[in-house]
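If you're matching them up, the sequences are chains U and G in order.
Numbering-wise, numbering that gives the first Met the number 0 puts 306 at position 307 of the first sequence, and it's gapless, one number per residue.
Numbering-wise, numbering that gives the first Met the number 0 puts 154 at position 155 of the second sequence, and it's gapless, one number per residue.
Simulated from the structure, these hints should not be mistaken for laboratory data.
Hints may contain errors.
Stretches of chain G that chain U covers, calculated by requiring three or more beta carbons in the stretch to come under 8 Å of a beta carbon on chain U [said to hold, decoys possible]:
#1 69-77
#2 109-116
#3 175-186
#4 306-316
Label pairs and their calculated CB-CB ranges [unchecked claim]:
#5 U/331 - G/54: 25 to 35 Å
#6 U/65 - G/105: 33 to 43 Å
#7 U/232 - G/73: 27 to 37 Å
#8 U/77 - G/305: 54 to 64 Å
#9 U/329 - G/153: 55 to 65 Å
#10 G/238 - U/249: 23 to 33 Å
#11 G/248 - U/349: 49 to 59 Å
#12 G/105 - U/163: 28 to 38 Å
#13 G/73 - U/105: 29 to 39 Å
Note that the structure is a prediction, hence the values are computed from the model and not measured.
Beta carbons are placed, not taken as given, at the ideal position from N, Cα and C, and that holds for glycine.
Number of protein chains: 2
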Amino acid sequence: MPSRRAGWRCLLAASAAVLFTTACGVSAPGTQSAPPVSRAADAAAGELPSWNDTAARKAIVEFVRKVTTAGGPDFVPPPARIATFDHDGTLWAEQPIYTQLAFALDRVKALAPQHPEWKRLQPFKGVLEGDLKAVLGGGEKALAELLAVTHTGNTTVEFESIVREWVASARHPQTKRLYTEMVYQPMIELLAYLRANGFKTFIVSGGGVDFMRPWTEQVYGVPPEQVIGSRAKVQYGMKDGMPVLMRLPAVDFVDDKAGKPIGIHQAIGRRPIAAFGNSDGDFEMLEWTTTGAGARLGLIVHHTDAEREWAYDRSSHIGTLARGLDEASARGWIVADMKRDWKVVYPPEKR
Amino acid sequence: MPSRRAGWRCLLAASAAVLFTTACGVSAPGTQSAPPVSRAADAAAGELPSWNDTAARKAIVEFVRKVTTAGGPDFVPPPARIATFDHDGTLWAEQPIYTQLAFALDRVKALAPQHPEWKRLQPFKGVLEGDLKAVLGGGEKALAELLAVTHTGNTTVEFESIVREWVASARHPQTKRLYTEMVYQPMIELLAYLRANGFKTFIVSGGGVDFMRPWTEQVYGVPPEQVIGSRAKVQYGMKDGMPVLMRLPAVDFVDDKAGKPIGIHQAIGRRPIAAFGNSDGDFEMLEWTTTGAGARLGLIVHHTDAEREWAYDRSSHIGTLARGLDEASARGWIVADMKRDWKVVYPPEKR
């Protein structure tokens with residue numbers, strides 16, 4: 000497990016890479032939206048309608064058939080049907096920058112009127128002027144300051160309300176869609192398909208757990224108590240005579256890489272039988288899941304579609320995928336090719 | 000939030016108190032078992048059959064009626080019907096020593112053949128000879144050593160199997176029943192009653208989460224992912240070529256007192272609407288739960304029955320209850336009197 004300090008640095012380094020290099024090693028994104036497939040049509044098209052009938056879909060359906068066949072050699076009773084999904088790049092888009100980072104930058108702008116000094120003070124000045132190189136000039140210290148100011152210093156109830164409000168209106172810089180519409184329709188169907196087959200679905204993300212929980216139930220059907228992520232320390236205390244949980248400017252847990260099996264153990268207490276990721280940050284979760292006894296499913300979403308989404312893997316700073324690609328075959332993990340295996344990427348636009 | 004070191008000390012101090020004073024301030028326990036009420040008869044007797052028709056039962060039923068009445072002013076949609084239960088002293092007996100401590104002492108005896116030096120080495124010598132005063136002579140350092148040796152240094156899978164085995168055969172020193180039969184029948188009915196009314200039930204205990212999870216689903220109907228507790232640090236690594244989570248001799252989180260709302264936030268991410276405890280270690284959980292908006296239920300199990308269980312509160316080292324008793328009325332918390340409000344304490348003995 001990385002030390003808390005190392006974990007914090009790791010998060011910051013990733014953020015720095017994201018801010019500093021605009022989609023380095025990433026093909027140009029398409030802005031076209033998904034064809035307007037109606038939800039009724041989806042249902043009629045049967046299981047996983049947005050998946051082409053290729054090897055990835057077949058392997059998923061075969062795995063589910065095996066573990067749900069009562070009396071069969073691979074049967075798994077429903078309580079043990081635990082499936083874990085990475086978030087950024089697996090359930091929703093993570094380009095050109097992590098959505099949570101977009102939130103942090105917007106939050107600086109929203110808070111600026113209360114902080115006139117930010118006009119002269121880096122890293123805030125850089126954010127307000129859109130000069131990200133200046134922001135990054137401050138290094139880790141500046142980024143830690145940005146994250147602390149935008150994510151902590153308030154109560155859990157206040158932060159939840161801030162996130163809800165932002166998510167309801169913020170739009171992706173390129174597609175102009177709501178971020179909650181930048182989710183992957185085939186993965187939403189996969190979540191529902193697994194639940195319909197007795198699975199309990201969890202999100203296990205390197206992102207902040209309190210940034211996801213306010214809206215995952217509505218968007219993915221995953222309730223807050225089934226969302227695992229990185230977290231800030233919180234402190235119980237009183238404010239205006241009422242108990243509150245204050246969000247402190249300190250990292251409590253980094254749910255990434257080897258942190259994912261740990262986060263899974265902390266929150267779930269049993270080993271998943273299926274895991275879904277897209278980057279080497281998910282390697283240990285996939286490894287932990289698929290080396291258990293009995294039938295197991297590991298799947299990597301491979302970003303191959305520069306037309307409908309983005310194409311990136313080994314050389315990308317966001318969602319780096321190298322070891323996963325190298326070892327998937329030997330480990331029996333499915334690599335889902337977004338371009339080849341998905342009929343649509345995003346859900347139909349809401350009108 | 001207590002510091003990690005303070006939390007560890009607090010756990011140790013409690014353990015020390017438990018080891019050192021045999022049920023100080025505690026009335027003599029009865030050893031008679033519950034009357035053999037059949038489960039079929041229970042079902043026929045309707046909701047909460049083991050609760051007398053007193054104010055406590057009425058308040059529970061009225062609360063559930065309010066939050067489940069669609070269109071009513073206090074209606075709560077099912078996903079928000081979160082109920083949290085303390086464990087020791089709320090769902091099962093905690094006298095004359097915490098069951099987890101009995102496990103630790105038994106574990107020293109089980110490991111002794113591999114450690115011949117323990118015959119001469121405190122605190123192990125004291126445990127093996129039943130000389131608990133000698134054990135306690137070593138102070139915190141000795142207790143930390145005991146806990147580390149008995150709870151860590153193995154993988155999560157190994158520890159789970161050790162707990163399963165112990166729980167299947169270890170018996171309470173006075174009643175000679177399995178510890179998993181030293182559970183409170185009225186509370187088991189309450190868990191089931193809430194679930195039947197759309198609640199999701201969680202255990203939120205100061206005890207070790209990995210000591211509870213192997214058996215809570217079978218005994219309480221609460222799956223591992225709905226059990227929150229104190230935890231050791233774990234580390235992801237390889238052992239004999241396979242990934243493991245190693246249990247390290249270091250405390251990661253103490254889920255007691257102000258730690259309970261924090262543990263609830265970490266694991267559930269929303270505020271319970273009902274909470275159940277028995278000691279001042281549950282005060283903050285009850286406070287956090289019942290100061291939220293809308294209908295709320297807080298209930299304290301008061302150990303008043305020296306005949307069928309134990310009678311203790313203010314002056315007991317285990318399950319100290321003072322502030323809770325003082326403030327319950329003003330805060331609208333129900334105090335369930337075990338002697339007055341419960342028809343039976345334990346489930347019928349299995350034959």
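Hints and how they fare:
Using a Cβ-Cβ cut-off of 8 Å, 0 residues of the segment 69-77 of chain G lie near chain U, which falls short of the minimum of three, so the contact claim is violated. As drawn, the segment 109-116 of chain G meets chain U at 0 residues by the rule of a beta-carbon pair under 8 Å; below three, the given contact is violated. Check on the segment 175-186 of chain G: 0 of its residues sit with their Cβ under 8 Å from a Cβ of chain U, so the three-residue criterion for coverage is violated. For a cut-off of 8 Å, the count of residues in the segment 306-316 of chain G with a CB near a CB of chain U stands at 0, and the three-residue condition is violated.
In this structure the hint that residue 331 of chain U and residue 54 of chain G lie 25 to 35 Å apart at CB is violated, the actual value being about 60 Å. Take residue 65 of chain U and residue 105 of chain G: their Cβ atoms lie about 40 Å apart, and the range 33 to 43 Å holds. A beta carbon spacing of about 34 Å between residue 232 of chain U and residue 73 of chain G agrees with the range 27 to 37 Å that was offered as a hint. For residue 77 of chain U and residue 305 of chain G, the Cβ-Cβ distance of about 43 Å falls outside the hinted range of 54 to 64 Å, so the restraint is violated.
Under the hint 55 to 65 Å, the C-beta atoms of residue 329 of chain U and residue 153 of chain G, about 29 Å apart, miss the expected range. At about 32 Å, the CB distance of residue 238 of chain G to residue 249 of chain U agrees with the hint of 23 to 33 Å. Separated by about 53 Å at the C-beta atoms, residue 248 of chain G and residue 349 of chain U satisfy the suggested range of 49 to 59 Å. For the pair residue 105 of chain G and residue 163 of chain U, the beta carbons lie near 50 Å from each other, so the given range of 28 to 38 Å is not met.
Evaluation of the 29 to 39 Å hint for residue 73 of chain G and residue 105 of chain U yields a pass: the beta carbon distance comes to about 37 Å.
Comparing the model with each earlier hint shows violations of hints 1, 2, 3, 4, 5, 8, 9, 12; every other hint is respected.
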